[in-house]
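Participant: Given these sequences and hints, build the entire structure.
Chains as they are written, first to last, in the numbering used here: chain A, 89 to 202; chain B, 821 to 950.
It is possible that part of the hints are untrue.
Said to hold, decoys possible - Here are the computed distance ranges between Cβ atoms for each label pair:
(1) B:883 x A:183: 24 to 30 Å
(2) A:202 x B:841: 17 to 23 Å
(3) B:883 x A:173: 31 to 37 Å
(4) B:827 x A:173: 49 to 55 Å
(5) B:826 x A:183: 57 to 63 Å
(6) A:173 x B:823: 34 to 40 Å
(7) B:860 x A:183: 31 to 37 Å
Hints are computed from structural coordinates only; laboratory data are not their basis.
If you're wondering where the values come from, they're calculated on a predicted model, not measured in any experiment.
Backbone N, C-alpha and C define an ideal beta-carbon position, used for all residues, glycine too.
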Amino acid sequence: MSIPKPESIIPSPQFNLADILQYTEPKQPGRFRRILGGIAGSAANAVVPGMGTLLGDLIGGGIAGPTGGLLGPSAQFLQLQQQMEIEQRAFETVSAILKVRHDCAMDAIRNMKS
Amino acid sequence: MTWTINPSNDEIAMLMEAGFICRDARKFQEARDLFAGIRALLPKSDAAEVALGTVFFHQSDFDTAITHYRRALEKNPRSAYAYAHLGEAYLFKLEKEKARSYLQKAIELDARGNTASMARHLLTLADSVR
Chain A
89 MSIPKPESII PSPQFNLADI LQYTEPKQPG RFRRILGGIA GSAANAVVPG
139 MGTLLGDLIG GGIAGPTGGL LGPSAQFLQL QQQMEIEQRA FETVSAILKV
189 RHDCAMDAIR NMKS
Chain B
821 MTWTINPSND EIAMLMEAGF ICRDARKFQE ARDLFAGIRA LLPKSDAAEV
871 ALGTVFFHQS DFDTAITHYR RALEKNPRSA YAYAHLGEAY LFKLEKEKAR
921 SYLQKAIELD ARGNTASMAR HLLTLADSVR
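Facilitator: Written out as structure tokens, the structure is:
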């Protein structure tokens, strides 16, 4: 019985320089996140100026977090999930601020009546 | 000819509401006129001064908004409403430390009101942004 050589079972890794750079360089925000950040920023700007800048920063890569590196696919999915949670929290925060600003304005009106 | 105007509280509240509607509809000049009119009718009111400041805030003129908020604080140094908006304006100018101190002050002055709630949410936003 012949024993297979390890090279025939485990394929030798074939990476080129671009692949290595992709995994080792700090990650830039993805195109989708940049676009989403831009859209959310514009939408928020229509309601409150400056909110767009803050929200855009928040979603479009302004969050301090893991910066890529030698991550496997599952770690990348986990990172993506975390980013989505951060985005959701950002929208919730901005939505809450808009609601409570309106409530404050209503309070000011009510105080004028009394 | 001199006009004597004595509007009721309900009429002033209605003018205030109209001002906010104009502001949110981006009719800034009309909103400014309405709030300036209310300020003339109630010269001691901090709310009218803050409302006038919010129009400039909505036009991204944060410095003028801050001037109005500070004027409101001269009229009422314990105005949580003015402090919260002042903190908000500094946050949007990305002066986070100043923003935090004014928002904390708003929470101290009106711990249970909507103003404090607004300040708390803005503090959360300040913590989230780089």
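Participant: A separate judgement is required for each hint: does it hold in the structure or not?
Facilitator: Results of checking the hints against the structure:
no.	hint	in the structure
1	B:883 x A:183: 24 to 30 Å	27 Å, holds
2	A:202 x B:841: 17 to 23 Å	21 Å, holds
3	B:883 x A:173: 31 to 37 Å	36 Å, holds
4	B:827 x A:173: 49 to 55 Å	50 Å, holds
5	B:826 x A:183: 57 to 63 Å	41 Å, violated
6	A:173 x B:823: 34 to 40 Å	59 Å, violated
7	B:860 x A:183: 31 to 37 Å	35 Å, holds
The structure fails to meet hints 5 and 6 from the earlier list, while all remaining hints are met.
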